[in-house]
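Guided by the hints, dock chain B onto chain A, whose structure is given.
These protein sequence lines are chains A and B, in that order.
38 is the number of the first residue of the first sequence in our numbering; add one for each residue after it.
7 is the number of the first residue of the second sequence in our numbering; add one for each residue after it.
Quick caveat, the hints were computed from the structure, so don't treat them as lab data.
Glycine included, every Cβ here is placed at the ideal spot set by N, Cα and C.
Treat the hints with care, as some may be off.
Covered, in the sense of this in silico footprint (three residues per stretch, anywhere, with C-beta under 8 angstroms from a C-beta of chain A), are these stretches of chain B [what the hints assert, rightly or not]: (1) 145-157; (2) 185-199.
Here are some chain A residues pointing at chain B (derived, C-beta under 10 angstroms) [unchecked claim]: (3) K89; (4) V146; (5) S150; (6) D211; (7) V231; (8) N239; (9) P247; (10) I250.
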Amino acid sequence: MPKIKQPVKSPSIDMTPMVDMFSLLLTFFMLTASFRPQEAAQIETPASISEKQVQDKDILTIFIAKDGKVFFNMDNGRDTTTRFRADVLKKMEEAFKEKYNLSFTEEEVDLFSRLAGFGMPIKDLKAWINAKDSKEREKLQTGIPSDSTDNQLMYWVRYARVVNPYAEVAIKGDAETDYTAVKKIMDLLQENKVNKFNLITNLVPEEATPADIPK
Amino acid sequence: MAEIIQEEKGKKGGKRRPKKHSTHIDMTPMVDLMCLLITFFMLTTAFAKAKVMVITMPEKDPTEQIKDQPEIPAFRTLNVLLSGDDKLYYYIGVADPKKPPLPTLIKSDFSKDGIRKVLLEKNKDLFTKIFEYRDKRIKGEIEVADTTADNTIKEMKKADKKGPIVLIKANDLAKYKDIVNIIDEMAICNIASYAVVDISPVELEMLKNAPQ
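Chain A extracted, bound-state conformation (with noise of 0.2 angstroms):
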């Protein structure tokens, strides 16, 4: 008697639902994402019980290092028509034409708007425009000099907030970074008109309660 031939059955799995799933994770990741934006250096905020979230747009960054190096960021402004990075960048090439000889084209212009924050000496920031990739990048970024001989910081703020009026200061320090040096900023910021800071924090609640008042 010939054997009944069982119909090999192909192991296939219905991979539909799998993929209904991973297009809704994609679609929310996508449309909630904004990313994480590059930093010039590693800096570990203090903490504290503030809950108020910094506002994401008109906003100067002043980043200090533990080793009390300065970097700065700004952003474009909440309009898509403005480009406040590239105005900073034109004036500050204004300011120090003489100095360095400094000179952008259309195309560093077009892509410092683009960057992130930088911490360089001014000579060096069409050096690192033009860099290839970030290892480049983050080999010049030696700090801006922010003491009283060579005060380009002030230059950075002063003509950020001429750009963008709205603009508020945040500081970004890192909490073991000495006070002295996140005061010389503030001083130098309050010279600028700026008398209100935002601390950037990490939020790590506490709460005292009548019951820990001393009798």
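Chain B in isolation, oriented as in the chain A frame:
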């Protein structure tokens, strides 16, 4: 997991039918790609926005001298001196070399039983008042918008005439986190008035002789 499309065999002769193709589409590459994209987005997304602590400093204008400075009663002034190493010193009153004796520094720290106890004790009335107000809001006894509540608390702080006036001073050894910690402590204890001011030479001298 890929689908294996099997060709039908063994039908020789008879009617020649057009080959039936399976209607299944192999989804595996699509799933692969999606996994990759999801991983990418998950890793690059910054979910939590950074939090900020807002601090407003008094205007520093050398041409504009403040003439009518309000008189602060000495017993309300609490001076906090920061000197790094997670420790701090405080004293009450004014350190004036012309009016000896100088107040003695009391050592404390940033822990729950450190400076917070001192601040809470001095700010008892205002703290309890604000705490009760917040508590009532949480329990639903008072229903107001967040901004209204903030303003009410602000008014309470303004009207307070008994709480301490804290002057925060730091020497060169202080770290940034010390300043943030102490300002945070002001927020926890609902201190109505505090300021970060420059340290005086007398206080620097006092810190040198302070107990370690």
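Status of the hints after comparison with the structure:
1. 145-157: violated (count 0)
2. 185-199: That given contact holds, which follows from 8 residues of the stretch 185-199 of chain B lying within Cβ reach (below 8 angstroms) of chain A.
3. K89: holds (5 angstroms)
4. V146: violated (27 angstroms)
5. S150: violated (21 angstroms)
6. D211: Holds - the Cβ of A/D211 comes within 10 angstroms of chain B, reaching about 7 angstroms at its closest.
7. V231: Result: holds, 9 angstroms to nearest chain B Cβ.
8. N239: holds (7 angstroms)
9. P247: OK, holds: A/P247 within 10 angstroms of chain B, min 5 angstroms.
10. I250: holds (5 angstroms)
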